[in-house]
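Chemist: Listed here are the chains, written in short residue letters.
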Amino acid sequence: MSDIQSSEMVYIVDDDPDVLNAMSRLLRVHGWRVETFDSAEAFLEGRDPQALACLVLDVTLPGLDGIELQRRLLETRQSMPIIFLTGHGDIPMSVQTMRAGASNFLTKPASAEDLRGAVRQAMDEEKLARRARGDADQLKQRLAALTPREREVLEAVAAGKLNKQIAGELGVVEQTVKFHRARIMERMQARSAAELMRMAAKLAIGEKT
Amino acid sequence: MNWITISWPMLAAASLSLGLIELRIGLAHRSLARFVFSLGAILMAAFSGLELAFMRAQSVAEAAALLPWMDAVMGAVVASLTAFIWVYFGTGRKWLALAPPILFAVGICADLIPGLDMTYRSITGIRTVQTFGGASFSVLEGVSNPWNAFAYLGGLALLVFVVDASVRLWRSGGRRRALIVGGCVTLFTLTASIQSALVDLGIARIPYLFSWAFLAILVAMMSELNTDVLAATKVAAELKESERRMDLASVAAKMGMWAWDIGHDTLWATRRARMLLGLSESAALNLEHFTNALHPDDRESRRLALRGALSSTDEYEVEYRVPLADGKVRWISSRGRVERDAEGKPLIMRGVVLDITHRKQVELQAEQDRSALWHMGRVSMLGQMSASIAHQLNQPLAAILGNAEAAQQILRQEHVDLREMQEICDDIVRQDQRAAGVIRRLSALFKRREMQLERVDLHALLAETVDLIQADLMTDRIILTNKLTTGLHTIHGDRVQLQQVLLNLIMNAADAMRGVPIVLRQLMISTEATDNEIRVLVVDHGPGIAPEHLTKVFEPFWSAKPKGMGIGLAICQSIVVAHHGTLTAANNPDGGATFSIAFPTHRAA
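Protein chains in written order, with this note's numbering: chain A, 1 to 209; chain B, 1 to 605.
Just so you know, the hints here were simulated from the structure itself, not pulled from any lab data.
Just so you know, these numbers come straight off a predicted model, no measurement behind them.
All C-beta atoms, glycine included, are put in the ideal place defined by N, C-alpha and C.
Do not take every clue at face value.
Claimed, not checked - Computed spacing ranges between beta-carbons, pair by pair:
no.: 1; chain 1: B; residue 1: V519; chain 2: A; residue 2: Q96; range: 16 to 24 Å
no.: 2; chain 1: B; residue 1: R455; chain 2: A; residue 2: P62; range: 26 to 34 Å
no.: 3; chain 1: A; residue 1: G134; chain 2: B; residue 2: S443; range: 39 to 47 Å
no.: 4; chain 1: A; residue 1: Q96; chain 2: B; residue 2: G383; range: 22 to 30 Å
no.: 5; chain 1: A; residue 1: Q96; chain 2: B; residue 2: M421; range: 34 to 42 Å
no.: 6; chain 1: A; residue 1: K202; chain 2: B; residue 2: G383; range: 43 to 51 Å
no.: 7; chain 1: B; residue 1: R455; chain 2: A; residue 2: S7; range: 36 to 44 Å
no.: 8; chain 1: B; residue 1: S443; chain 2: A; residue 2: D135; range: 36 to 44 Å
no.: 9; chain 1: A; residue 1: A129; chain 2: B; residue 2: G487; range: 22 to 30 Å
no.: 10; chain 1: A; residue 1: K202; chain 2: B; residue 2: M421; range: 51 to 59 Å
no.: 11; chain 1: A; residue 1: S7; chain 2: B; residue 2: S443; range: 45 to 53 Å
no.: 12; chain 1: A; residue 1: R151; chain 2: B; residue 2: V519; range: 24 to 32 Å
no.: 13; chain 1: B; residue 1: V519; chain 2: A; residue 2: G134; range: 39 to 47 Å
Could you put the whole structure together from the sequences, leaning on the hints where they help?
Modeler: Given below as structure tokens:
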């Protein structure tokens with residue numbers, strides 16, 4: 001349990017109070033924070049979009065059903081890994097949910113091991129996704145901190161131009177370009193020219209538009 | 001040989017024969033009148049014999065010895081004649097009836113004194129009287145005894161008594177009897193008395209004609225008695241004939257008849273009725289014998305039917321079983337009616353019993369076939385609900401598994417939270433009971449059984465039914481709404497069969513809406529209570545029923561669905577009809593169809 005951070009939250013949506021109660025208890029004793037909802041609508045209302053979370057979701061729900069909720073979450077770009085849990089899941093349904101990006105598909109009654117494994121995996125996916133999202137955000141922030149001249153120089157570097165060419169295009173001496181590059185390396189926190197190139201590629205800088 | 005020696009023995013023999021015949025009949029019928037009559041006739045025969053001996057006496061001593069005997073027998077004849085009229089008419093006055101025998105008895109007392117005789121104070125001689133036809137007879141000569149007046153007074157008293165009793169009988173309606181018996185007794189007693197007085201006085205030279213007179217009386221009385229016998233024989237014959245006809249009718253109809261005298265608790269039953277109930281052919285019966293002949297399980301319903309008939313104007317009508325020696329049963333239909341006195345108190349109950357075993361077997365077979373068909377429909381319908389059934393069971397199983405595994409995890413920890421463990425155990429028990437409940441309800445649907453009537457709350461049944469099918473409805477994205485009446489919603493019915501109908505209608509509605517856009521998939525179930533019926537409506541928003549199919553949907557083996565067997569709605573309708581209700585289908589003005597079940601309220605529980 002030491003591997004589980006208390007910040008990890010599992011949301012469970014099921015219309016059956018007995019099932020909600022049992023699933024919630026099972027995941028809580030394994031160290032997760034759990035919050036339960038008896039409908040998709042209640043979940044959309046009550047969830048915390050910032051929390052590091054995954055969703056255990058019953059397919060058949062009164063009102064908005066599980067598959068519909070999955071689509072809504074994708075549309076709002078506030079996605080989280082979804083583990084579908086259903087009593088009478090059939091193959092077409094699981095294919096549909098998996099294709100739509102479901103993390104897992106379990107049939108009731110699911111064993112604790114399966115459920116724990118699925119939640120663990122979903123949490124790991126979510127962390128990776130968050131890290132990926134976090135890196136991109138950082139780079140964007142650093143890029144925004146560059147001066148317009150530095151941005152021009154970075155674009156030219158990313159396009160593979162030599163210092164001499166850049167100086168010619170910008171109408172400055174080569175020494176000034178070198179100075180700008182040093183500043184850019186510092187501001188973008190790139191440790192080498194190669195890393196800076198990777199960052200530029202990630203930010204889609206220097207490509208012909 | 002002359003007419004006296006021939007006729008007197010004949011008179012005696014005739015009287016004796018009449019007496020013996022009546023004695024035989026009197027003893028057989030325990031008839032006092034006939035018994036008294038026969039006594040009189042036998043005494044009369046004895047008197048004739050004595051009289052003949054007297055007339056043929058050759059000496060004074062011989063004749064004189066017979067006199068007290070003749071007086072005594074004559075007295076007895078008068079006494080028995082009086083008694084006969086008393087018994088036979090029933091209208092005589094007691095003090096008048098006592099007078100003739102008492103007066104005679106007083107006269108006879110004279111005979112008991114030695115040397116004295118009632119008729120003669122002294123006897124002087126005997127002489128032979130020549131009469132007509134060449135016959136002769138002896139008479140005594142002597143001085144008349146005034147005691148003899150008692151005999152004449154006795155005769156007079158008898159006349160007065162008979163005339164009085166006859167007049168009274170005439171007035172109370174027994175005219176024929178009064179005229180023939182009373183008239184004859186009066187006429188011949190009078191004739192005999194006058195004639196004997198004339199003989200005694202020596203005016204008439206013919207023998208005493210008491211024997212003739214009394215034989216005439218005997219014949220009159222006997223003919224009257226026998227008129228009754230003849231009438232009774234005729235009535236008996238008619239009764240026998242009518243009984244035979246009734247018997248024939250009841251045998252032809254295989255019907256037994258019974259009548260129960262309620263006050264005395266005695267039961268009369270025909271042979272057929274006794275046979276049908278397995279009772280002895282002749283033993284006296286009461287209600288308990290009848291009751292004990294019934295199958296124990298049917299006694300209560302019979303008792304209720306009997307109570308109903310006695311306490312109201314209802315006809316008695318009940319069906320019950322009679323166990324037979326070979327372990328089979330005979331089904332009996334018993335019907336009857338209570339007859340009451342002017343104040344309405346039940347006096348007697350008459351009715352018939354009929355063997356309905358064959359009809360009942362056919363009915364039972366038809367009922368079994370029908371329940372088998374219904375059961376088949378139910379099972380095939382449940383087969384289509386597998387998703388819902390799995391869901392119903394998986395929910396509690398998932399909860400139980402989750403709780404049990406949570407408990408295992410808790411037990412692995414250093415500090416075990418006992419309160420949480422307690423909660424887990426409670427939850428598991430509850431969820432297990434829930435699963436058991438699901439299985440119980442399902443197995444009730446799966447089980448093949450006879451119709452079992454009970455009070456059914458339609459709203460509770462609807463809720464349970466919707467629970468059962470909910471998962472399928474949700475899978476099909478069907479939204480279910482209810483509009484339930486606040487009025488009466490309980491009926492008397494078989495809950496499994498009613499649930500079958502509701503399930504079938506809901507599933508049909510769901511099937512109908514599978515092809516329409518999700519937003520239109522609205523199913524409404526409502527109940528309505530009116531003054532005379534309770535209705536359950538299942539309203540869908542599918543494509544509706546083609547007008548030309550509206551009359552066909554309830555036909556067996558007709559289906560609008562490509563894979564439908566066409567038995568669902570036919571079964572639904574037969575179940576509803578078995579509940580005395582109607583099931584109809586109609587299209588809605590705004591699209592879709594409505595199936596409506598209506599149960600008459602007077603059947604409602």
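Chemist: Now, for every hint given, state plainly whether the structure supports it.
Modeler: Hint by hint, here is what the structure shows:
1. B:V519 - A:Q96: 16 to 24 Å: holds, 20 Å
2. B:R455 - A:P62: 26 to 34 Å: holds, 31 Å
3. A:G134 - B:S443: 39 to 47 Å: For S443 of chain B against G134 of chain A, whose Cβ atoms are near 57 Å apart, the range 39 to 47 Å is violated.
4. A:Q96 - B:G383: 22 to 30 Å: holds, 26 Å
5. A:Q96 - B:M421: 34 to 42 Å: Holds, at about 40 Å.
6. A:K202 - B:G383: 43 to 51 Å: violated, 58 Å
7. B:R455 - A:S7: 36 to 44 Å: The hint (36 to 44 Å, Cβ to Cβ) is violated, given that R455 of chain B and S7 of chain A are roughly 57 Å apart.
8. B:S443 - A:D135: 36 to 44 Å: violated, 60 Å
9. A:A129 - B:G487: 22 to 30 Å: Because 59 Å falls outside the window, the suggested range is violated.
10. A:K202 - B:M421: 51 to 59 Å: Cβ of K202 of chain A to Cβ of M421 of chain B: about 52 Å, so the range 51 to 59 Å holds.
11. A:S7 - B:S443: 45 to 53 Å: holds, 48 Å
12. A:R151 - B:V519: 24 to 32 Å: violated, 51 Å
13. B:V519 - A:G134: 39 to 47 Å: holds, 41 Å
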